[in-house]
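All chains, full assembly: derive it from the sequences and hints.
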Amino acid sequence: MMSKRVVVLFPVKEYEESVINETVLKSGVVFNTIKKEVTPTHVRIMGEIKAGEEKAQEVMRIFKRRGGIVKELGMIMKFDEAKCVACGMCVSLCPTNAIVMNKDFSVKFDFDECVLCMNCVNNCPLKAVVYLGD
Amino acid sequence: MKSIEEINEKIKSGDVVVVTALEMKDIVAEKGPEKAAKEVDVVTTGTFGMTTSSGAFLNFGHSDPQIKMGGGEVLLNDVPAYAGLGSVDVYIGVTQLSKVHRIEYGGAHVVEDLVNGKTIRLKAYGSPTYCHPTREIEGEFTINDLNQAVMVNPRMFYQRYSAGTNSSEKSIHTYLGELLPNFGNVVYFSTGAISPLYNDPNYETIGVGTRVFLAGAVGYVMGEGTQHNPKAMSGSLMVKADMKRMKPQYVKGASIRDYGVALFLGAGLPIPVLNSNIAKSCGIRDEEIKVNIYDYHIPTRVKPLVKKTDYKELKSGKVVIGDRAVKSSSLSSMKIAVEICRKLKEMIEKGEFFLTKPVERITTESVMKPMKLSYVKASDIMVPAVTCKPDDELKDVEKVMLEKREDYVVVVDGRGHLQGVLTSWDVAKSLVTGKNKVKDVMTATNIRTSRKDEPIEVSMRKLEQYGVRGLPVVDDDGKVLGVIKMQSAKHKVK
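These protein sequences, in sequence, are chains A and B.
Take 1 as the starting number for the first sequence in this note's numbering and just add one per residue.
Take 135 as the starting number for the second sequence in this note's numbering and just add one per residue.
Please note that the accuracy of each hint is not assured.
As the list claims (entries may be wrong) - Listed below are the simulated DMTMM-like cross-link pairs for lysine to aspartate or glutamate, each with C-alpha atoms no more than 20 Å apart in a straight line:
#1 A:LYS83 with B:ASP149
#2 B:LYS159 with A:ASP104
#3 B:LYS461 with A:GLU113
#4 B:LYS529 with B:ASP541
#5 B:LYS446 with A:ASP104
No lab work stands behind these hints: they were computed from the structure.
So, in structure tokens, the structure goes:
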């Protein structure tokens, strides 16, 4: 099953509890909420759109119409392969399968498996993986 | 069977057969050591990992008027360098932290920047003399401005490392990086079977003067390295190389979170296959190299063993601990180590790298001793325990507690073995619960204890970490010898 992970940031004023369910009903696409965070100004939802590219874009458009700022995880996490020495420190720190070691001993990131735990960002000895912010 | 001179002749004529350590494993397994020794002339081994005992001697040339940095202070991009040398010689050690950026930038990053040809800021405070009147200088330089930039690593190609994990409920930060709680991950070092010293563990070919590949430059073995402990398969070599010839991709400064700075360094070592014994050694496989996984949550030098494993399991990415498969990863790059094996192979095949005969052998006898110092042990600090029995009446014990002004009582059985602890808080609770026997009120599970030879710092940390009033000191059988209490411990430890 194709999936795409996104962070949606709703200003508190725009946010309604039902927005996720309404979006699911309207698009017919499953959205799994992985993390939800409420700050004084924003509601930040990180989740996974269970659909191919075209349907995923539709879901993202609906979120935007409802006042959300949508960012794909691939845009807010950056892995700089040129900086990486493939020591592998991050591999065992990753709670999901977002970081794996290839057969040729290089390190591969798949941000569509990422839960933004920041273990890799906080520990990379060469700062080869960075969080660019929402 | 073969000599180094013969192999060098073959390198000259282009007939030399070189294989990487990775390839050699299969050749030895398939054809046996006799045949492998006939067919293969050189095996290239490699490593790329974190080094902490590493650094470089730099010579700046004289200023006008002259400065005597020796005995003064020298900062390179705000990182202090060792200046207790001649007038314009310094040694920059890789783990030294920047005075400004702390662990974000250190000696390792200075070394990396030098190899990259970047400009380094120099600030020096001299110790002025008649002929060296300058007190202070500031300037900028690159590696090309230096007379010499010689990397000297007191401990390189370190053979054996243990792996680490963490049994506690909190993340800990170690030189292995972050160790996640509840055995969340396992971290190890070394490239295992392709690491140089596993392929010649008896130092038959490696010795003083052995030519090596150090970060792209040609380097030499100076002798045994620090902590060289060959009897425990834990050898090391001291090496040097001209830093001006190093390649940036093999020299990387690293910041280990909440730990410090280290240098990722790549190096290769060629092993001439002089006879079938050496071929056999080069056939060593990951599964033959045993590695102990220790619990790094315990800060003593000797840590509890969690599991005995090998590099095959560690490199598979999953290690079974108890009934769980725990993710494992390394701090040594197999990718770049293999690249180095291939690069060195290519250099030898092209006739750019010749082998050397050692001028002296490396000792296979030395052993590693722990630091000798006097430390305060738990048994020095402990006080006699006020004890009672589980079946004692609470009322009697309360009386003793009042008389002795004691709020911490150790509950022992007839043989003096630990059964539980009773604090004034437990006694207070009995007022509500109405229980009147010691065993109904005491704390009997998860009692934190201390060993009699445990450094007092470790006991102190336990007291703080677990928020307990005291620690019963027990021997190996669980017999109570005394009690460590926060007040008495604090008093003795500054």
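- prompt: Hints broken by the structure, by number, lowest first?
  reply: Structure breaks hint 1 only.
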